[in-house]
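Chemist: Spelled out, the chains give:
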Amino acid sequence: MKSTQQLERQLKRHSKAARLENWGRFISFSALLLIVAVVVGIIGFVASKGIATFTTNHVSLWDFLTEKTWNPNIKDAHGNPEVGALPMIVGSFLITILSAIVATPFAIGTAVFMNEISPNRGAKILQPVTELLVGIPSVVYGFIGLSVVVPATRAIFGGSGFGILSGTCVLFVMILPTVTSMSADALKSVPRYYREASLALGATQWQTIYKVVLRAATPGLMTAVVFGMARAFGEALAVQMVIGNAALMPSSLVAPSSTLTSVLTTGIGNTVMGSLQNNALWSLALVLLLMSLVFNLIIRLIGRKGRM
Amino acid sequence: MSRKRWVQGFIVIALVALGGYAYQTRQVSHARESITAVGSTALQPLVEAAGEQYTGEHLGTFVNVQGGGTGTGLSQIQEGAVQIGNSDLFAGEQKGIKANQLVDHRVAVVGITPIVNKKVGVTNLSTAQLIKVFTGEVKNWREVGGANLPIVLINRAQGSGTRATFEQFGLQGRRSKTAQEQDSSGMVRSIVATTPGAISYVAFSYVDKTVQDLAINHVEPTEDNVTTNDWKIWSYEHLYTKGQPKGLTAKFIHYVQSAAVQRTLVRQLGYLSPDQMTVDRDVHGQVTKIGGE
Amino acid sequence: MNSKTQNKIAIGALYGIAGFVVLILLALLGYILVSGMPQLSWHFLTAPAKAFLKGGGVGVQLFNSFYLLFLAMLISFPIALGAAIYLYEYAKDNWLTTTIRTAIEILSSLPSVVVGLFGFLFFVVKLRLGFSILSGAFALTFFNLPLLTRSIEDSLRTISETQREGGLALGLSRWETVTKVILPAAVPSILTGVILSAGRVFGEAAALIYTAGQSAPALNFMDWNPFNISSPLNPMRPAETLAVHIWKINSEGIMPDAKAISSGSSAVLVLAILIFNFAARYLGKRLYKRLTSA
Numbered sequence: 001m002k003s004t005q006q007l008e009r010q011l012k013r014h015s016k017a018a019r020l021e022n023w024g025r026f027i028s029f030s031a032l033l034l035i036v037a038v039v040v041g042i043i044g045f046v047a048s049k050g051i052a053t054f055t056t057n058h059v060s061l062w063d064f065l066t067e068k069t070w071n072p073n074i075k076d077a078h079g080n081p082e083v084g085a086l087p088m089i090v091g092s093f094l095i096t097i098l099s100a101i102v103a104t105p106f107a108i109g110t111a112v113f114m115n116e117i118s119p120n121r122g123a124k125i126l127q128p129v130t131e132l133l134v135g136i137p138s139v140v141y142g143f144i145g146l147s148v149v150v151p152a153t154r155a156i157f158g159g160s161g162f163g164i165l166s167g168t169c170v171l172f173v174m175i176l177p178t179v180t181s182m183s184a185d186a187l188k189s190v191p192r193y194y195r196e197a198s199l200a201l202g203a204t205q206w207q208t209i210y211k212v213v214l215r216a217a218t219p220g221l222m223t224a225v226v227f228g229m230a231r232a233f234g235e236a237l238a239v240q241m242v243i244g245n246a247a248l249m250p251s252s253l254v255a256p257s258s259t260l261t262s263v264l265t266t267g268i269g270n271t272v273m274g275s276l277q278n279n280a281l282w283s284l285a286l287v288l289l290l291m292s293l294v295f296n297l298i299i300r301l302i303g304r305k306g307r308m
Numbered sequence: 001m002s003r004k005r006w007v008q009g010f011i012v013i014a015l016v017a018l019g020g021y022a023y024q025t026r027q028v029s030h031a032r033e034s035i036t037a038v039g040s041t042a043l044q045p046l047v048e049a050a051g052e053q054y055t056g057e058h059l060g061t062f063v064n065v066q067g068g069g070t071g072t073g074l075s076q077i078q079e080g081a082v083q084i085g086n087s088d089l090f091a092g093e094q095k096g097i098k099a100n101q102l103v104d105h106r107v108a109v110v111g112i113t114p115i116v117n118k119k120v121g122v123t124n125l126s127t128a129q130l131i132k133v134f135t136g137e138v139k140n141w142r143e144v145g146g147a148n149l150p151i152v153l154i155n156r157a158q159g160s161g162t163r164a165t166f167e168q169f170g171l172q173g174r175r176s177k178t179a180q181e182q183d184s185s186g187m188v189r190s191i192v193a194t195t196p197g198a199i200s201y202v203a204f205s206y207v208d209k210t211v212q213d214l215a216i217n218h219v220e221p222t223e224d225n226v227t228t229n230d231w232k233i234w235s236y237e238h239l240y241t242k243g244q245p246k247g248l249t250a251k252f253i254h255y256v257q258s259a260a261v262q263r264t265l266v267r268q269l270g271y272l273s274p275d276q277m278t279v280d281r282d283v284h285g286q287v288t289k290i291g292g293e
Numbered sequence: 001m002n003s004k005t006q007n008k009i010a011i012g013a014l015y016g017i018a019g020f021v022v023l024i025l026l027a028l029l030g031y032i033l034v035s036g037m038p039q040l041s042w043h044f045l046t047a048p049a050k051a052f053l054k055g056g057g058v059g060v061q062l063f064n065s066f067y068l069l070f071l072a073m074l075i076s077f078p079i080a081l082g083a084a085i086y087l088y089e090y091a092k093d094n095w096l097t098t099t100i101r102t103a104i105e106i107l108s109s110l111p112s113v114v115v116g117l118f119g120f121l122f123f124v125v126k127l128r129l130g131f132s133i134l135s136g137a138f139a140l141t142f143f144n145l146p147l148l149t150r151s152i153e154d155s156l157r158t159i160s161e162t163q164r165e166g167g168l169a170l171g172l173s174r175w176e177t178v179t180k181v182i183l184p185a186a187v188p189s190i191l192t193g194v195i196l197s198a199g200r201v202f203g204e205a206a207a208l209i210y211t212a213g214q215s216a217p218a219l220n221f222m223d224w225n226p227f228n229i230s231s232p233l234n235p236m237r238p239a240e241t242l243a244v245h246i247w248k249i250n251s252e253g254i255m256p257d258a259k260a261i262s263s264g265s266s267a268v269l270v271l272a273i274l275i276f277n278f279a280a281r282y283l284g285k286r287l288y289k290r291l292t293s294a
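Residue numbers (the numbering used here), protein chains in the order written: chain A, 1 to 308; chain B, 1 to 293; chain C, 1 to 294.
Calculated directly from the structure, the hints in this document are not laboratory data.
The model shown is predicted, which means the values in this text are computed figures rather than measured ones.
Please note that the accuracy of each hint is not assured.
[To be verified] Quick list of simulated restraints, FRET-style, between CB atoms: (1) T66(A) - A27(C): 37 to 45 angstroms; (2) L61(A) - S3(C): 33 to 41 angstroms; (3) P151(A) - S3(C): 39 to 47 angstroms; (4) N220(C) - K68(A): 49 to 57 angstroms; (5) I290(B) - K68(A): 46 to 54 angstroms.
Virtual Cβ for every residue (Gly too), placed ideally from N, Cα, C.
The task is simple: from the sequences and hints, build the whole structure.
Modeler: Following this line, the structure appears as C-alpha cells:
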C-alpha cells in the first residue's frame, strides 16, 4: 500500500530535468518580455510625444508631411507654425537608400570573400578590422568626412561639398562593418553540405556561391542590410557634419540638405519640453520609426521572395 | 558538486560582507549636500570650473554640472528637476517657458563675432552688408569687396542663444535665410575653417587663427568695445533658479558672482564680467548706461 | 569553358571588392592612429582632463568608458541571451514572434539621442538616479538590447539542427540541449556579436550625454569603496566617457590643445577597442575549447 503510494508520487513528480526545463523556459521568456516592454515603452514614449504636435498643437498631419518649410519658431500667414517635414523625410530616405545600395554589394562581397574564398585571411585581417571600426565614435567619422570627403566632393562636383553625396560616402563607411560582419555570420550558417553537393554536381565555385550559398543565406543577408539601413537612418552626428544640415529640399546630391535625425539632434537641446518646437522634433522621431517600419516590411517581402 | 556549492556560497557571503564593510566605512561627509546645474553647453566649462573650485574649498559639498542645451536647462529648472538652469538666453526669450517663476542670475557677458573663412578676403562689413549676406541678397563675396567665392552660410540651430543674439543685434532683428545649421561652436568653427566662402558667428573665445573675425562698421570685435556697447552683438549668460535660491544653491551662485571668480575664471574662459560693463541691457534689448539715468 | 571564365571573373571581382574594403578600413585606421599617436603619453592616459587649460589627459574618461561598458554588458547580455534563446528555441514561428522581431529591429534605427532623452526623463529624472553611471548603463542597455538580441539569435541559427536533434535524442530536455550543446558551440559567433555591440557602446556619445553626463569629477584611484563619491567604483557618480569627451571638446572645447586631445582620444579609443577585441577573442577561444572539449 505504502509502496504504491510512494511509487505514484515518484512517477508523478517532475524530474529534475523537467523542473530545470520549466525554469529555463521561464527565465528566457521573462527576458524576452523585458525586451518587449522596453521596446513598447520607448515606441509608446516617442509616439505620445510625437502625436502631441497634431493633437495639442493642432498641426495638420498632411501639412506636416507635405510642406517644405521647417521653421517651428515662426508662424505663417494663417497663424500655423511652419513645420513642414518633407525636406527631412526626403533627405533621410535618399541617404539611407543610397548608402545601402552602395554598401550592400561591398559588404556581401567582402563577406563572401571572408567565408568562401579565403577564410584564413578573412578571419585574420578582415574580421578584426571590421569589428574595430564599429566602435569609432560618429564624431570622428564626421571629422574625417569634413576634412577628407567634403573637400573631395567640392573639388570633383563643385558646390560647397556639403550634401547627400558626402553623407552617403560617410554612411557607406560607417555601415560597412555592421553589414559585413552580419552578412558573414549569415553565410556561416549555410550548412557545409550545400556547398559540397553543389560542387559535386560540377558547379563552379562562383555558381555555388551565387546559386546556392547566397540563396540559402538570403534571410540573414536581409537582416544584415536592414540593420545597416537602421544604422544609416539613426546616425546623426556624422551625417549632420557633412550633409550641411539645412532644412531645404535636396535639389541635387551636392546641395546642402538634412535628415530627420540631424535636425532632431541639432534642435532637441535648444527647445523646451512640451512646447510646439519640441513636440515637432518628436514627431520627426515618430516619422523615423514609421519609415523604418516600412523599410523593414519591404525588405522582409523581398527576402521572402528570394528564399523560394 | 557539493564542494562547488560551498565555494559559491562562500564567495556570496564574502561579497555581502565586503559590501557591508564598505557601506559602513563610506565617507559620509562627502556629498552631504549636492546640487545639479544643467543646460547651456557654452556655459558649462565656466560653471564646471567654478564648481570644482567651490567644492575644493568647501568640503562636503558637490556641484554636478551637465550640458544638454539651453532648452533642456530651462525646461528642467521649470520642472524643478534640477537646482540651477544654465542659459544663454533670457528665459522670456525661450518659447514655452514661464519666465516669471524663474529668477535670473547673470554671471557673465559673452561677445559674439561673425567669422569667415580665410580665403574670403574680407575683414570688415557694414551692418547693411552683413544683413544682405545673411538674408541671401548677396550671393558672392565679390559683391562686398572680397574674393570671387560663393557665400556659404552656416547658422547655429534654431533656438540657440548665439543665433538669437546674432539675429537680434547683428542682423537688427532680421531672420537669416534657411541654410546649414550646426549645434555647437566648435563644429561651426571647423566648418568655417575648412569651407571656402563660409561665414558664421561664434563667441569671442572660439575665434582662433583658423578663421577670420569681421569688424562691423569698422568697429573691431574686442572686449573693450563690448563693455561700451560699441560692439552690439553680445549677451548675458544666466544661471536660473526656480524661486529665490536657498542653501548651497544660493551660496554657489553667490560664489560665481563674487569677485574671486569674476576676476579670474570668467576672464580666463574668454567671457567678460558683468561688472566690467558700462551699460545694462534688458530682455527687450533696451540699453541703459550704468550709473547715469 | 564559359562558366569557368565567369567563375574566374567573379572570383577576381570578389578579390577586388575585399581588397578595396580593406583599403578603406586601413586608410581610416591609419588616419586616426597617425594623427593621434603623437599625443599619446603616460601623462595623457592617466591625467584628469582640464576645462580650459592645455595639458589635460583622459585618464578618468578612459576608466569610465570601461566601467560603463562592463556594467552595460553585465545588464544587457543576460537579458539579450535569454530573449534570444526564447525567440529562437522556444517561440513558435507565428505572427507574434515576427512582430516582436520587427519591433526590435525598428528600435535599433532610433537615433541614439532619442534613447538618451528617454533615459534622461525616465532614469535620471523619474527614478531619481541622477546623472550617473547607472543611468548611463541602463540607457546603453536600451540602446544595446535590440542589436545584441538579434545577433545572438543569428548565432543560434548557425548551429545546425542536427546538434539539437542529437541532444534531444539523448534524452536531454530542450533547456539542457541549449545550455550544454548549443550555447557552447555558438560561443565564437555570440562573441562576435558581443564585441560588435561592445564597440558600439564604447563609441556611443549621444545616448550618454543626457544620462551618464558630460562631466568627469576627479577620481581617487586609491579608494575602491563603491559607496564613496570619489571612488572609481561608485556607480552613482556622473561619468563622462571617452566618446563623450571627444564630442564635447569638438563641440564646445576651448582649451588651446583641443584638437590634439581629440585626435589623441580617438587613437586611445581605437587602441582600447583593439585590446578589448583581442582579449575577448582569446578568452572566447579558451572558453570554447573548455566547453566543447574540442
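Chemist: All hints, please: hold or fail.
Modeler: Verification of the supplied hints:
The hinted range of 37 to 45 angstroms is satisfied by T66(A) and A27(C), whose Cβ atoms lie roughly 42 angstroms apart. In this structure, L61(A) and S3(C) break the distance hint of 33 to 41 angstroms, their C-beta atoms being roughly 55 angstroms apart. For P151(A) and S3(C), the hinted distance range of 39 to 47 angstroms is satisfied, since their beta carbons lie about 45 angstroms from each other. Taking the beta carbon of each, N220(C) and K68(A) are about 56 angstroms apart, inside 49 to 57 angstroms as hinted.
The hint said 46 to 54 angstroms for the Cβ distance between I290(B) and K68(A), and at roughly 47 angstroms that hint holds.
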